[in-house]
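Novice: As a plain string of letters, each chain reads:
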Amino acid sequence: MKFTEEHEWLRKDGDIVVVGITTHAAEALGEIVFVELPDADTEVAKDDDVVVIESVKAASDILAPLDGEIVEVNEALVENPGMINDDPQEGAWIFKMKLSDPSEMDALMDEDTYKAHIA
Amino acid sequence: MTDLLKTPLFDLHVSLGAKMVPFAGYDMPVQYPMGVMKEHNHTREQSGLFDVSHMGQVKIRAKSGDTRDAALALETLVPMSIAGVAANRQRYAFFTNDAGGILDDLMVANRGDHLFLVVNAACKDADIAHMRAHLSDVCDIEVIEDRALLALQGPASEIALARLSVDVAAMKFMDVVTTEILGAECWVSRSGYTGEDGYEISVPNNKAVKLAEALLGMEEVAPIGLGARDSLRLEAGLCLYGNDIDTGTTPVEAALTWAVQKIRRTGGDRAGGFPGADVILAQFDDGAARKRVGIQPAGRAPMRGGTALFASETSSDQIGEITSGGFGPTVQAPVAMGYVPTELAAIGTEIFAEVRGKRMPATVAAMPFTPANFKR
Chain A
1 MKFTEEHEWL
11 RKDGDIVVVG
21 ITTHAAEALG
31 EIVFVELPDA
41 DTEVAKDDDV
51 VVIESVKAAS
61 DILAPLDGEI
71 VEVNEALVEN
81 PGMINDDPQE
91 GAWIFKMKLS
101 DPSEMDALMD
111 EDTYKAHIA
Chain B
1 MTDLLKTPLF
11 DLHVSLGAKM
21 VPFAGYDMPV
31 QYPMGVMKEH
41 NHTREQSGLF
51 DVSHMGQVKI
61 RAKSGDTRDA
71 ALALETLVPM
81 SIAGVAANRQ
91 RYAFFTNDAG
101 GILDDLMVAN
111 RGDHLFLVVN
121 AACKDADIAH
131 MRAHLSDVCD
141 IEVIEDRALL
151 ALQGPASEIA
161 LARLSVDVAA
171 MKFMDVVTTE
181 ILGAECWVSR
191 SGYTGEDGYE
201 ISVPNNKAVK
211 LAEALLGMEE
221 VAPIGLGARD
231 SLRLEAGLCL
241 YGNDIDTGTT
251 PVEAALTWAV
261 QKIRRTGGDR
271 AGGFPGADVI
281 LAQFDDGAAR
291 KRVGIQPAGR
301 APMRGGTALF
311 ASETSSDQIG
321 EITSGGFGPT
331 VQAPVAMGYV
341 PTELAAIGTE
351 IFAEVRGKRM
361 PATVAAMPFT
371 PANFKR
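Line by line, the protein sequences are chains A and B. Just so it is clear: in the first sequence, position 115 is 115 by my numbering, and no numbers are missing. Just so it is clear: in the second sequence, position 343 is 343 by my numbering, and no numbers are missing.
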């Protein structure tokens, strides 16, 4: 699993990557009450706003971690946004994307580096 | 940045694991480890303890010794019948300005030989200066610095507080009493800011922690932060000064006409005589161009304060703005309030809010969003 400075995690699954937010981010946001997902089959560039998450406190944007195409979104989150608090790094994945350049993932933080980053 | 002030409960908040944030110059708990949503629900179902010691507590005493003189003096600053507040009773009020705007909202209690006011933290210095400037000929204004203020809110609050004082169970909504709790003289009102039954307790600073710990030691009571305080008051349809009402909103626009007793309106025995009376009383007769209303977003997306409102999905002219909004944990849906033109203020009117560049439908809704649960 790889991590971004924006507190997203990325996990390789064959030729796509699964993206979500970290446990640290979910705890900081508080209880999540609303998720707005992009359409599947959306071309995105790194740092594009792709998802809106609203907690009891505030709205936050989730950015595209790298260039690529969003190929699937987790529709279950729309009905049950609280899943992100319950299981942020597994069941509550947010979208799956096909990276334009899969090697770019290597430059992201590994788990130890991310842990040091949030410490 | 200037140093934040601390309430007498600061160390207790920190020891309870609160997340502290700056609020009106004070370092205040926004939430505890329970989290905003569970704190909200706990208050609706059981009893929540809030530290509201940042609010201003002020005594007004008539130099004549007759509290009615103090009440009539205060009536020159607020459009309420203060002389009509019976001993051991409390009333909601607001200071108005010459333009008919609202300088602050407050609670006024008649405690027999004096009036006791609770005012907003962010406005308290201005309020005190305002009262000193206008009331000092007739009244002594005493700012209470040696007392904390706790709010205990929710249906189990009576059971909890009655364990510490035999006097509180018989109180009705907006009653006030002086009672001894754990050896301290406390000034208790049956009121609050959540839409639930409950109390506000003025307690000497040096006894505040002991009282808070005694209450928190009870099974029904949990500490509640400012985050849940905001969602509770929003569902209850209660205004937050600085968001929903301010110097730019009149009481008629703000749909607070219920708070202005008939005796202060045109034709009443003590009509007018408060700042902005010409503007406000004319609006009582003729109506105002806009009105504060409840707003129920149609979808799941919260509509927050500052969101622009429109009459239709395509119209270019903004008609108003949301002043408070968020997710209502009890309603299990987003809820909001804001100002719309009076012709669009009827309950059920469809309006649109622009959220992240998209027009989202919403409906003008009755407030409160959750039924009030006061002990009448």
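It should be emphasised that the hints constitute simulated quantities derived from the structure, not laboratory data. Treat the hints with care, since some could be wrong.
As the list claims (entries may be wrong) - From the derived model, a few chain A residues whose C-beta atoms are all more than 12 Å from chain B:
id, residue
1, 54
2, 63
3, 79
Said to hold, decoys possible - No more than 25 Å apart at the CA atoms, straight line, and that leaves these computed lysine to any residue pairs for SDA-like:
id, chain 1, residue 1, chain 2, residue 2
4, A, 57, B, 5
5, B, 262, A, 116
6, B, 19, A, 40
7, B, 19, A, 86
8, A, 57, B, 366
9, A, 57, B, 207
10, A, 57, B, 25
11, B, 207, B, 14
12, A, 57, B, 46
13, B, 38, A, 11
14, B, 358, A, 116
15, B, 358, A, 52
16, B, 19, A, 41
17, B, 358, A, 86
We put the beta carbon where it would ideally sit given N, CA and C, even for glycine.
Novice: Run every hint past the structure and note whether it holds.
Specialist: Against the structure, the hints come out as follows:
{"no.": "1", "hint": "54", "result": "violated (5 Å)"}
{"no.": "2", "hint": "63", "result": "holds (14 Å)"}
{"no.": "3", "hint": "79", "result": "violated (9 Å)"}
{"no.": "4", "hint": "A:57 / B:5", "result": "holds (23 Å)"}
{"no.": "5", "hint": "B:262 / A:116", "result": "violated (65 Å)"}
{"no.": "6", "hint": "B:19 / A:40", "result": "violated (38 Å)"}
{"no.": "7", "hint": "B:19 / A:86", "result": "holds (21 Å)"}
{"no.": "8", "hint": "A:57 / B:366", "result": "holds (24 Å)"}
{"no.": "9", "hint": "A:57 / B:207", "result": "violated (32 Å)"}
{"no.": "10", "hint": "A:57 / B:25", "result": "holds (20 Å)"}
{"no.": "11", "hint": "B:207 / B:14", "result": "holds (18 Å)"}
{"no.": "12", "hint": "A:57 / B:46", "result": "holds (23 Å)"}
{"no.": "13", "hint": "B:38 / A:11", "result": "violated (32 Å)"}
{"no.": "14", "hint": "B:358 / A:116", "result": "violated (39 Å)"}
{"no.": "15", "hint": "B:358 / A:52", "result": "holds (13 Å)"}
{"no.": "16", "hint": "B:19 / A:41", "result": "violated (40 Å)"}
{"no.": "17", "hint": "B:358 / A:86", "result": "violated (29 Å)"}
The earlier numbered hints that this structure contradicts are 1, 3, 5, 6, 9, 13, 14, 16, 17.
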